[in-house]
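One-letter residues, chain by chain:
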Amino acid sequence: MKCDIFIEALGQRVKVLEVTRQYEDQVTALVELNDLPEAVRFLYYDMGGYLSTMIPNDEREINKHFALYYVLSMEGGKMFEGDEVAQDEKCFVTVKTLISPDTLTYPSVTPKVPACVWYEREAYDMFGLIAEGLPDKRRLVLSDDWPDNLHPLRKDAMDYRYRPDMKEHYMEPEFDFLRPEGSGVIDVPLGPLHITADEPGHFRLFCDGDTIIDADYRLFYQHRGMEKLAENRMNYDQMGYLAERVCGICGYAHAIACIESAEKAINLEIPARAQAIRIICSEIERLHSHLLNIGLACEVTGNYNAFMHIFRIREYSMKLAELVTGGRKTYGNVVMGGLRRDMTGVEIKESLQILNIIEAQVDEVWDAVMDDKRQMRRWKGVGILDKQVARDFSAVGPNIRGSGIKRDTRYDHPYDFFKQVKFDVAVVEGGDVFARETVRYLELKSSVSIIRQCFEMMPQTAIIVDPKFHVKPENYALAYVEAPRGDNVHWIMQGSAQKVFRWRCRAATYNNWPSLRFQFRGNTIADAALIVCSLDPCYSCTERVTVVDVKSKKSKILTNKDLKNFSRTQKNSPLKDLR
Amino acid sequence: MMKLLDISKKYGDTTHKYPFEPYHVADNFRGKPAYIFDLCIGCAACGIACPSNAITVQLNAEQNKLIWEFDCGRCIFCGRCDEVCPTGAIRLSEEFELAVKFDKSALIQRGELEVQCCTECKKPFTAKRLVQYSFDCLSKANVSQNRLEEAKDYLRVCPTCKKNATVSNFTTGKEVVIE
Ligand code: SF4
Ligand code: SF4
Numbered sequence: 000m001k002c003d004i005f006i007e008a009l010g011q012r013v014k015v016l017e018v019t020r021q022y023e024d025q026v027t028a029l030v031e032l033n034d035l036p037e038a039v040r041f042l043y044y045d046m047g048g049y050l051s052t053m054i055p056n057d058e059r060e061i062n063k064h065f066a067l068y069y070v071l072s073m074e075g076g077k078m079f080e081g082d083e084v085a086q087d088e089k090c091f092v093t094v095k096t097l098i099s100p101d102t103l104t105y106p107s108v109t110p111k112v113p114a115c116v117w118y119e120r121e122a123y124d125m126f127g128l129i130a131e132g133l134p135d136k137r138r139l140v141l142s143d144d145w146p147d148n149l150h151p152l153r154k155d156a157m158d159y160r161y162r163p164d165m166k167e168h169y170m171e172p173e174f175d176f177l178r179p180e181g182s183g184v185i186d187v188p189l190g191p192l193h194i195t196a197d198e199p200g201h202f203r204l205f206c207d208g209d210t211i212i213d214a215d216y217r218l219f220y221q222h223r224g225m226e227k228l229a230e231n232r233m234n235y236d237q238m239g240y241l242a243e244r245v246c247g248i249c250g251y252a253h254a255i256a257c258i259e260s261a262e263k264a265i266n267l268e269i270p271a272r273a274q275a276i277r278i279i280c281s282e283i284e285r286l287h288s289h290l291l292n293i294g295l296a297c298e299v300t301g302n303y304n305a306f307m308h309i310f311r312i313r314e315y316s317m318k319l320a321e322l323v324t325g326g327r328k329t330y331g332n333v334v335m336g337g338l339r340r341d342m343t344g345v346e347i348k349e350s351l352q353i354l355n356i357i358e359a360q361v362d363e364v365w366d367a368v369m370d371d372k373r374q375m376r377r378w379k380g381v382g383i384l385d386k387q388v389a390r391d392f393s394a395v396g397p398n399i400r401g402s403g404i405k406r407d408t409r410y411d412h413p414y415d416f417f418k419q420v421k422f423d424v425a426v427v428e429g430g431d432v433f434a435r436e437t438v439r440y441l442e443l444k445s446s447v448s449i450i451r452q453c454f455e456m457m458p459q460t461a462i463i464v465d466p467k468f469h470v471k472p473e474n475y476a477l478a479y480v481e482a483p484r485g486d487n488v489h490w491i492m493q494g495s496a497q498k499v500f501r502w503r504c505r506a507a508t509y510n511n512w513p514s515l516r517f518q519f520r521g522n523t524i525a526d527a528a529l530i531v532c533s534l535d536p537c538y539s540c541t542e543r544v545t546v547v548d549v550k551s552k553k554s555k556i557l558t559n560k561d562l563k564n565f566s567r568t569q570k571n572s573p574l575k576d577l578r
Numbered sequence: 000m001m002k003l004l005d006i007s008k009k010y011g012d013t014t015h016k017y018p019f020e021p022y023h024v025a026d027n028f029r030g031k032p033a034y035i036f037d038l039c040i041g042c043a044a045c046g047i048a049c050p051s052n053a054i055t056v057q058l059n060a061e062q063n064k065l066i067w068e069f070d071c072g073r074c075i076f077c078g079r080c081d082e083v084c085p086t087g088a089i090r091l092s093e094e095f096e097l098a099v100k101f102d103k104s105a106l107i108q109r110g111e112l113e114v115q116c117c118t119e120c121k122k123p124f125t126a127k128r129l130v131q132y133s134f135d136c137l138s139k140a141n142v143s144q145n146r147l148e149e150a151k152d153y154l155r156v157c158p159t160c161k162k163n164a165t166v167s168n169f170t171t172g173k174e175v176v177i178e
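Chains as they are written, first to last, in numbering that gives the first Met the number 0: chain A, 0 to 578; chain B, 0 to 178.
Quick caveat, the hints were computed from the structure, so don't treat them as lab data. Watch out, some of these pointers could steer you wrong.
[What the hints assert, rightly or not] Quick list of in silico lysine-lysine cross-link-like pairs, DSS-like style, CA-CA up to 25 Å:
| # | chain 1 | residue 1 | chain 2 | residue 2 |
| --- | --- | --- | --- | --- |
| 1 | A | K372 | B | K64 |
| 2 | A | K227 | A | K95 |
| 3 | B | K9 | A | K372 |
| 4 | B | K64 | B | K103 |
| 5 | A | K444 | B | K2 |
| 6 | A | K405 | A | K379 |
[Unchecked claim] Partial chain A-side listing against chain B, Cβ under 7 Å, derived:
| # | residue |
| --- | --- |
| 7 | D236 |
| 8 | Q237 |
| 9 | G301 |
| 10 | N304 |
| 11 | H308 |
| 12 | M317 |
| 13 | E321 |
| 14 | P413 |
Glycine is no exception: its CB is placed at the ideal position from the N, C-alpha and C atoms.
Start from the sequences and build out the full structure, keeping to the hints where you can.
Printed below as a string of structure tokens:
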């Protein structure tokens, strides 16, 4: 069976207390608390694993403990040719450990596997589980004025509607940014709001002159508590729709991942036609998402002309979505057991025409952008994500594929119709903005071909199987979907009746943020917005910036316009009167 | 740079004149659900199916009307209501202009339906139209005249009273013939 070789190897390294299988490619190994870091490190570095997600869980009513599940995608390190697990051996191995509610502590894995850092910080916020030895113990998800001992995802912590009193803004505790040592460091906050998508995120850029020497950021201003909401009052039918609203761009990938994890937990196989249509819709989503990002990467650098053309083409992909799903952005067709809407022959015919238009016009504009020397100068060599850093932090999506690592869930763990479809994984060396945008361009092309193949091969079966099923409480499973930004991983543990016990939703960008810091280093602040944009976290411009010169104690507030202008024209550095 | 200008020239204007001319959406667009009061029988299937609780079907405070209410502000245009409605009283439309001017009550749509009171306990339990609809369905089905006459009575008994009657029939050993 799949996974056995990894479990066997793990057993020789640490004591494995219990092995359970959730799905044909998913196995959980229970290890002792003290063996946890070594077990994860061994699988991660020695056996070629990437961290997919980590789920803290309050299982006191099941086994009187808290539990941690470190999910590793066993696919090979992919650092050099041949450093890859054989295709039919690729699987997910979960390392599970139990934590006593008396001590609430566990040894941190982060010093050995840096990719765990955000997950372990979040485990403290949400469950109050303390990682011994975690280098960075600051809050991640909860706001700075959230009450100290209230850990919202504990089952007995609070009602999901409870909102603690907010502190007045001047009473709010200050968030500690990680400041580099040294004099003459200028501290540039970017934020609190990014204007292209009106999304909040606060970045601190530490600069020497115009050069960024380090960066730190505070996010999660928009945490909506969906996991808590779903646990308390949603059934699976409702959850799919909630999941679709996790993200404003790649929501559909969340919807399928969420529903598929519930389907996998009960071993439900959906009809082939439903599988194909799920793939078609998610590839349409990739079309509009990648076009958005390439467009923005032009816009941030002042290339409005290209931006407008790319958005003109993007409109076709929105129309395509409207045609086959009835909605431009929310496709709303995923339900437990399959789909609620089929595609008609007429729709398919029209879709094929739209695809031809998109394919031809994308090439045209991409060619023109490639010819633009000025644009290329802004993209090339900027925001480099080192291959090793990408490996250490388990980056995902075009972000890691732009650094020459062939990681794509559609290829590593083919789900749904991807078992039948043929496509090339877009891998580009270089790790700079240019590489990432090229990956996106190549994926636009492959998405068009994937959709065509699906149309051609999808069988005339039903689109839904009778979703009458018996939930098995405490069953859990993982589902993964390659969203435009990387893989979205959802994990569901079922509760009684139609409810979930725990839903963990990990969006792609969650794995990309921690390494962003390294991408900033050595670039100028004019490129900061572009680098954030090339990560495709849905936003890229800056609202308001304060600049502080640590040496001269001078400070200055820059408007969004100042910085935006500087990043477009690279003239009139807003920092020059501080020097 | 020049190449981009060539492309601009090639495609010319691509914007629509909307809102000065209508904007056409796809045939199966999922727009604002449109409600046809005359068709609604108050069965509440839509209320149960609606994932975001945009539709509620409840008795009013005086217990004399069944209120069907739709709050467009909560609607996520999923189309579940459309799928489950037995009479086609609610259908997704092509409507996408949903903004209201400072008045959120404009987002709410209501229908008041006559209630049917239970002939045993006299409490209201469903809409008169639903009783009629059930009867019509039965008449179209192949059932004997006798049964139809009986149905006229038992359709007007609330589920609680029906249950009690069954229990008492059981416990007193009374036999009922079902044709
Ligand atoms: S479309 Fe969906 S959300 Fe809107 S009323 Fe119907 S069932 Fe409810
Ligand atoms: S008839 Fe249709 S609209 Fe009326 S309550 Fe039933 S499902 Fe809802």
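Do the hints match the structure? See the list:
Straight-line distance between C-alpha atoms of K372 of chain A and K64 of chain B comes to about 72 Å, which puts the hinted pair past the 25 Å bound. Among the hinted pairs, K227 of chain A with K95 of chain A is consistent with the structure: their alpha-carbon atoms are about 22 Å apart, no more than 25 Å. Straight-line distance between C-alpha atoms of K9 of chain B and K372 of chain A comes to about 22 Å, which keeps the hinted pair within the 25 Å bound. Taking the CA atoms of K64 of chain B and K103 of chain B, the gap is near 24 Å; set against the 25 Å cutoff, the hint holds.
Annotation: proposed proximity of K444 of chain A to K2 of chain B holds, straight-line Cα distance about 21 Å (limit 25 Å). Between K405 of chain A and K379 of chain A the alpha-carbon distance is near 21 Å, which keeps this suggested pair within the 25 Å criterion. Given the 7 Å rule on beta carbons, the hint for D236 of chain A holds: about 6 Å separates it from the nearest Cβ of chain B. Given the 7 Å rule on beta carbons, the hint for Q237 of chain A holds: about 4 Å separates it from the nearest Cβ of chain B.
Using the Cβ-Cβ criterion of 7 Å, the hint placing G301 of chain A at the interface with chain B is not satisfied: the shortest such distance is roughly 12 Å. At a threshold of 7 Å, the smallest CB-CB gap from N304 of chain A to chain B is about 5 Å, leaving the interface hint in force. For H308 of chain A, the suggested interface contact is upheld, since its CB lies about 6 Å from the closest CB of chain B, less than 7 Å. The interface hint given for M317 of chain A is violated, since its Cβ lies 11 Å from the closest Cβ of chain B, which is over the 7 Å cut-off.
Checking E321 of chain A against chain B: minimum C-beta separation of about 5 Å stays under 7 Å; hint holds. Residue-level restraint check for P413 of chain A is violated (minimum Cβ-Cβ distance to chain B is 29 Å; threshold 7 Å).
Of the numbered hints listed earlier, those contradicted by the structure are 1, 9, 12 and 14.
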